[in-house]
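Using the sequences and the accompanying hints, generate a full structural model.
2 protein chains.
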Amino acid sequence: MEKRQVVTGIDIGGTNTVFGFVDRDGNILGEDRIKTNHYPEATGFVSALFEKIVAAHRKIEQDTEIIGFGIGAPMGNINKGTIEYPADLPWKGITPLAELFKRHTDLPVVVTNDANAAAVGEMIYGGAKGMKDFVVITLGTGMGSGFVVDGKLVYGHDGFAGEIGHTSIRPGTSNRDCGCGKKGCIETYASATGLKRTLLKVMADSISPSDLRKYSFEELDAKMIHDAALKGDQIAIAAFEHTGMMLGFKLADVAAHTNPEAIFLFGGLALARDLIFEPTRRYMEENLLYIYRGKVKLLESKLSTQNAAVLGASSLVWSIREQQ
Amino acid sequence: MEKRQVVTGIDIGGTNTVFGFVDRDGNILGEDRIKTNHYPEATGFVSALFEKIVAAHRKIEQDTEIIGFGIGAPMGNINKGTIEYPADLPWKGITPLAELFKRHTDLPVVVTNDANAAAVGEMIYGGAKGMKDFVVITLGTGMGSGFVVDGKLVYGHDGFAGEIGHTSIRPGTSNRDCGCGKKGCIETYASATGLKRTLLKVMADSISPSDLRKYSFEELDAKMIHDAALKGDQIAIAAFEHTGMMLGFKLADVAAHTNPEAIFLFGGLALARDLIFEPTRRYMEENLLYIYRGKVKLLESKLSTQNAAVLGASSLVWSIREQQ
Numbered sequence: 122m123e124k125r126q127v128v129t130g131i132d133i134g135g136t137n138t139v140f141g142f143v144d145r146d147g148n149i150l151g152e153d154r155i156k157t158n159h160y161p162e163a164t165g166f167v168s169a170l171f172e173k174i175v176a177a178h179r180k181i182e183q184d185t186e187i188i189g190f191g192i193g194a195p196m197g198n199i200n201k202g203t204i205e206y207p208a209d210l211p212w213k214g215i216t217p218l219a220e221l222f223k224r225h226t227d228l229p230v231v232v233t234n235d236a237n238a239a240a241v242g243e244m245i246y247g248g249a250k251g252m253k254d255f256v257v258i259t260l261g262t263g264m265g266s267g268f269v270v271d272g273k274l275v276y277g278h279d280g281f282a283g284e285i286g287h288t289s290i291r292p293g294t295s296n297r298d299c300g301c302g303k304k305g306c307i308e309t310y311a312s313a314t315g316l317k318r319t320l321l322k323v324m325a326d327s328i329s330p331s332d333l334r335k336y337s338f339e340e341l342d343a344k345m346i347h348d349a350a351l352k353g354d355q356i357a358i359a360a361f362e363h364t365g366m367m368l369g370f371k372l373a374d375v376a377a378h379t380n381p382e383a384i385f386l387f388g389g390l391a392l393a394r395d396l397i398f399e400p401t402r403r404y405m406e407e408n409l410l411y412i413y414r415g416k417v418k419l420l421e422s423k424l425s426t427q428n429a430a431v432l433g434a435s436s437l438v439w440s441i442r443e444q445q
Numbered sequence: 122m123e124k125r126q127v128v129t130g131i132d133i134g135g136t137n138t139v140f141g142f143v144d145r146d147g148n149i150l151g152e153d154r155i156k157t158n159h160y161p162e163a164t165g166f167v168s169a170l171f172e173k174i175v176a177a178h179r180k181i182e183q184d185t186e187i188i189g190f191g192i193g194a195p196m197g198n199i200n201k202g203t204i205e206y207p208a209d210l211p212w213k214g215i216t217p218l219a220e221l222f223k224r225h226t227d228l229p230v231v232v233t234n235d236a237n238a239a240a241v242g243e244m245i246y247g248g249a250k251g252m253k254d255f256v257v258i259t260l261g262t263g264m265g266s267g268f269v270v271d272g273k274l275v276y277g278h279d280g281f282a283g284e285i286g287h288t289s290i291r292p293g294t295s296n297r298d299c300g301c302g303k304k305g306c307i308e309t310y311a312s313a314t315g316l317k318r319t320l321l322k323v324m325a326d327s328i329s330p331s332d333l334r335k336y337s338f339e340e341l342d343a344k345m346i347h348d349a350a351l352k353g354d355q356i357a358i359a360a361f362e363h364t365g366m367m368l369g370f371k372l373a374d375v376a377a378h379t380n381p382e383a384i385f386l387f388g389g390l391a392l393a394r395d396l397i398f399e400p401t402r403r404y405m406e407e408n409l410l411y412i413y414r415g416k417v418k419l420l421e422s423k424l425s426t427q428n429a430a431v432l433g434a435s436s437l438v439w440s441i442r443e444q445q
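Those protein sequence lines, which keep their order, are chains A and B. First residue of the first sequence? That's 122 in this note's numbering, and the numbers climb one at a time after it. First residue of the second sequence? That's 122 in this note's numbering, and the numbers climb one at a time after it.
Calculated directly from the structure, the hints in this document are not laboratory data. It is possible that part of the hints are untrue.
Which copy is meant is left open, so a pair is good if it fits within one copy or across any two.
[What the hints assert, rightly or not] Straight line, CA to CA, 30 Å or less: simulated BS3-like cross-link-like pairs of lysine-lysine:
hint, residue 1, residue 2
1, K201, K250
2, K124, K180
3, K213, K418
4, K213, K173
5, K124, K335
6, K418, K273
7, K201, K322
Fair warning: this is a prediction, and the values are worked out from it, not measured in the lab.
Encoded structure:
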């Protein structure tokens, strides 16, 4: 009997590393995890991870054959198979991740960042099936993006294409501080953290009453602002409006660079649905050059947020295989 | 004897349409032109142009064989072979240019805008030979751009990728008016016209003496500002500095989208060399995310400005042929 082919999708985060075995239809057959931050050395991390993968696969292996490893990681470099200067991982500098994996397997190993993985995941399993030109924007703690041009993920010369979260909304130095060291990056507006920052700004400028005035910056999260907005909280609604204004402004730039068929929003902030989509779409249209107006679809990601990272990571291997 | 293969490169401008027969090394074997604005109908224009091409080719045909037609035109759509709503041509709406050409020939006909043509020209004949990921920015009366990703020109879903001249430098409505109907487009700064506008702004704000105060906006051109700056005119120098600030800011965005190996500057404004390259490079570096710093080359185009449009247009046919 021919075995079902699966890809091991691995999502490396600052705290946990989650993996699963994913078939071509996006079914996840087994999932497990290890603690990323228990391993001060990447070598030890990869060995432990590999052991855990083998153990997990043993439980399902009578039916399945692993055909490769797709890894999503912060600052994952798809050209080199490395992780380079990540802010939130225990391993500093450049980690040759694919090389470390190759000590344990002869199968293909692909490394990239989570936004690129989400973009390929959208193409292989999600709402971008059949699309040739689209962009996925991830709106989580930060903001990432993955560009697909003519059916292929854009890598860039150094493997770092799609860092639009760190393009600025205006020139000058009187803009919001970003964790990257620059000022005014769109990520400081269009992300869960950005929404909180904007809420504080609106709260400072306005005298409207709001239940959210009870909470500290640290206590607040995007979900609370979302819930308040649904209940008609004017400050929360204004924060979403302003976030959509900044995001829509920047998405008009995205359209003018690669002229995509669609832009997908993915991640926590995208779950706010109309609260974020409506103002974003409105301001994007307002800022689009006339030849693009009414033509760029702004869509919700079809990857479930829960499994998206593992799905996205696994999709890289399917994608490369199908282009060969 | 085998004939030398040539492509007919055609540059359609508002006043003149220039064409030439270009071999694979970028040698132009014959050049001629017709008046674009003498033809109120595109059908008549194409017939007259084709007649002129046949006549010009007759003079050299014993040696050469035409293998295709590459056409650069404002708002040229590479997906559809059309010109769509151009501002400066006599034919309004959508002109099915490739289709009209096909009435006269069975050879390949490719249509695109001048910035895309310049990008492919740079790859086939110019400074981007061997590069896989780069961007060409054209700085003329307006500002255009052509993106090459993984060795291929980015078309986009609607055939209109690379209109970064019409991305805005900041959100809001208190920005410079652009001819496209929007506000604050980078083209209103980074172009020959933009330089003049910036000069007037600097002149208004400053009390420095300047020979340029003698000239009206209409009398001024980029060359005069260039010459004045070379002679130490502080207002002209400040205008270049500000232009470089805006352009560098926007080129950092370009780097974050597709992570190119190089960005080429092409066109009249690029001829100002260090006056424009130095501030542009400085502000680009300042605005780059750390992973890109020191890695994105800012280069002068190697296409001669004089023949670039015809060269660029012809390169499209070579490029498509070599990818087959």
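Each hint tested on the structure:
no.: 1; hint: K201 / K250; in the structure: both (27 Å within a copy, 23 Å between copies)
no.: 2; hint: K124 / K180; in the structure: within (14 Å within a copy, 67 Å between copies)
no.: 3; hint: K213 / K418; in the structure: between (39 Å within a copy, 27 Å between copies)
no.: 4; hint: K213 / K173; in the structure: within (24 Å within a copy, 65 Å between copies)
no.: 5; hint: K124 / K335; in the structure: neither (57 Å within a copy, 82 Å between copies)
no.: 6; hint: K418 / K273; in the structure: both (19 Å within a copy, 24 Å between copies)
no.: 7; hint: K201 / K322; in the structure: neither (41 Å within a copy, 47 Å between copies)
Consistency note: the structure conflicts with the earlier hints numbered 5, 7.
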